[in-house]
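For this one, chain A is given, so just place chain B on it according to the hints.
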Amino acid sequence: MSSRITLKTKGKSVKGAKDSEKSRADCLKEWSTWAMKKAKVITHYGFIPLVIIIGMNSDPKPQLHQLLSPV
Amino acid sequence: MAGLVPPGTTVKPDASTAKPKEEEKVDYMNLPCPIPYEEIHREALMSLKPELFEGLRFDFTKGLNQKFSLSHSVIMGPTEIPSQSTETIKIPTAHYEFGANYIDPKLMLIGRVLTDGRLNARVKCDLSDNLSLKANAQLTNEPHMSHGMINFDYKSAPGLTYPPPPPPPPKHKMQGKDYRTQFQFGNGALFGASYIQNVSPHLSLGGEVFWAGQHRKSGIGYAARYENDKMVATGQVASTGMVALSYVQKLSEKVSLATDLMYNYMSRDVTSSVGYDYILRQCRLRGKIDSNGCAAAYLEERLNMGLNFILSAEIDHRKKDYKFGFGLTVG
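Heads up: the protein sequence lines correspond to chains A and B, in order. Per the working numbering, the very first residue in the first sequence carries number 6; after that it's consecutive. Per the working numbering, the very first residue in the second sequence carries number 761; after that it's consecutive.
Looking at chain A on its own, in the form it has when it is part of the complex (with noise of 0.2 Å):
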């Protein structure tokens, strides 16, 4: 009997660091996937609008209503 916990008492430590090795690397995936959703929102969003500020702050500096206006 004794015998039969240590036994199981080994494979449950052997599983345990098995476990922390795996989650690590899926931490390290689901970190950078997390990463990667976030940043393409962020440029789906933002590309243009930093164009547009990088664009209005070049020389000569263009006027707003240039912005908007068909002419």
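It should be emphasised that the hints constitute simulated quantities derived from the structure, not laboratory data. Among the hints, erroneous ones may be present.
In silico contact screen, one side only, chain A against chain B (beta carbon under 7 Å); selected entries [to be verified]: (1) Phe52; (2) Val56; (3) Ile57; (4) Ile59; (5) Ser63; (6) Pro67; (7) Gln71; (8) Ser74.
Straight-line distance between alpha carbons at most 27 Å, and here's what the computed DSSO-like set of lysine-lysine pairs gives [what the hints assert, rightly or not]: (9) B:Lys884 x A:Lys66; (10) A:Lys42 x B:Lys1083; (11) A:Lys45 x B:Lys809; (12) A:Lys43 x B:Lys894.
Here are the in silico distance ranges between beta carbons for each label pair [stated by the list, open to error]: (13) A:Asp64 x B:Gly1001: 22 to 32 Å; (14) A:Ile47 x B:Thr846: 41 to 51 Å; (15) B:Trp971 x A:Asp64: 41 to 51 Å; (16) A:Pro65 x B:Cys1043: 27 to 37 Å.
Glycine included, each C-beta is placed from N, C-alpha and C at the ideal position.
Showing chain B alone in chain A's frame:
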């Protein structure tokens, strides 16, 4: 008195005719930088594959500044849907596309957004004289339909000056100014690398490898390009089964003829096309005919300063698909 006359005057004409012959001698240590690997078929693509379209196209580009401009485009026309049957199914669609461009010698940003939320973004940045970064992305609201790719290009800089060598050590042979390398990373675990080198003033050779993790594909390819003032011939082979050869002959300043052959040795599929490109003062006319029974033509006419009229026609005899388009580009 005789001393006033420079002694070399009678010798000069001979010297000037002798000089060009000396300059023609090739300096293999100073070859120019080759064109980028992905543009190796550039002349043939420009002549044989114009941007054909169907329907109406109206482009208005408004420059606010030397570097910054906004563009508005309206595109109305049928869009093809892939269908199982042999008939092509077209659905009429209309888009408005807004674009912003910032073009600087060191940084270029181009963004285009459509009414359905699709974004097309391109960035090119020169991090230093030799190294440049390019990125492009097509982002959509649908999940898993977005693509992105980033490239790092290293080219030998044109302005490199060697320190004046007493005797040039053989090491200098490795520091050729005449190559380009590129590394690419894309989504879906896509990795690629390419290298192209000028081996003589007219011939450049290159190779590439790529690995696509998502599709479990990898491949290697080689390319060669021979050009002189009158013609350009290129050849490219890839382990994905593709062989592409092209030849462009420049008959005069205004006329050039091009032909290309694409052969897939895995699927035994061959396509060849022949085309012409007339670049005249007020217009540019390109036409081509294909071995798939497809004839196409594209005309860009300059009506006025900044006003261009475009006509596009494509007739596919095999599929009985006729596409005609017209458009106007302002600015």
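*Close enough to count: is the Cβ of Gln71 of chain A nearer than 7 Å to one in chain B?*
With a minimum Cβ separation of about 5 Å from chain B (threshold 7 Å), the hint on Gln71 of chain A holds.
*Is the gap between the beta carbons of Pro65 of chain A and Cys1043 of chain B within 27 to 37 Å?*
34 Å, holds
*For the pair supplied as a hint, Lys884 of chain B and Lys66 of chain A, is the alpha-carbon distance within the 27 Å limit?*
Holds. Lys884 of chain B to Lys66 of chain A sits at ~22 Å (cutoff 27 Å).
*Verify the interface restraint on Ile59 of chain A: the C-beta must sit less than 7 Å from at least one C-beta of chain B.*
Given a least distance of 5 Å, the restraint on Ile59 of chain A holds.
*Restraint status (C-alpha distance of Lys42 of chain A to Lys1083 of chain B at most 27 Å)*: Violated, because 39 Å separates the two Cα atoms, which is more than 27 Å.
*Between Trp971 of chain B and Asp64 of chain A, does the C-beta distance stay in 41 to 51 Å?*
44 Å, holds
*Between Ile47 of chain A and Thr846 of chain B, does the C-beta distance stay in 41 to 51 Å?*
44 Å, holds
*Given Val56 of chain A was flagged as interface, is its beta-carbon under 7 Å from a beta-carbon of chain B?*
Holds - the Cβ of Val56 of chain A comes within 7 Å of chain B, reaching about 4 Å at its closest.
*Does Ser63 of chain A pass the interface hint, meaning its C-beta sits closer than 7 Å to a C-beta of chain B?*
Since chain B brings a Cβ to about 5 Å from Ser63 of chain A, closer than 7 Å, the hint holds.
*Under 7 Å, Cβ to Cβ, is where Ser74 of chain A needs to be relative to chain B, so tell me if that hint holds or is violated.*
At 9 Å from the nearest chain B Cβ, Ser74 of chain A fails the 7 Å test, so the hint is violated.
*asked:* Hint Ile57 of chain A vs chain B: min CB-CB distance below 7 Å?
replied: 5 Å, holds
*Distance restraint between Lys45 of chain A and Lys809 of chain B, which requires alpha-carbon spacing of 27 Å or less*: 32 Å, violated
Going down the numbered hints, you'll see the structure goes against 8, 10, 11, 13, while the others check out.
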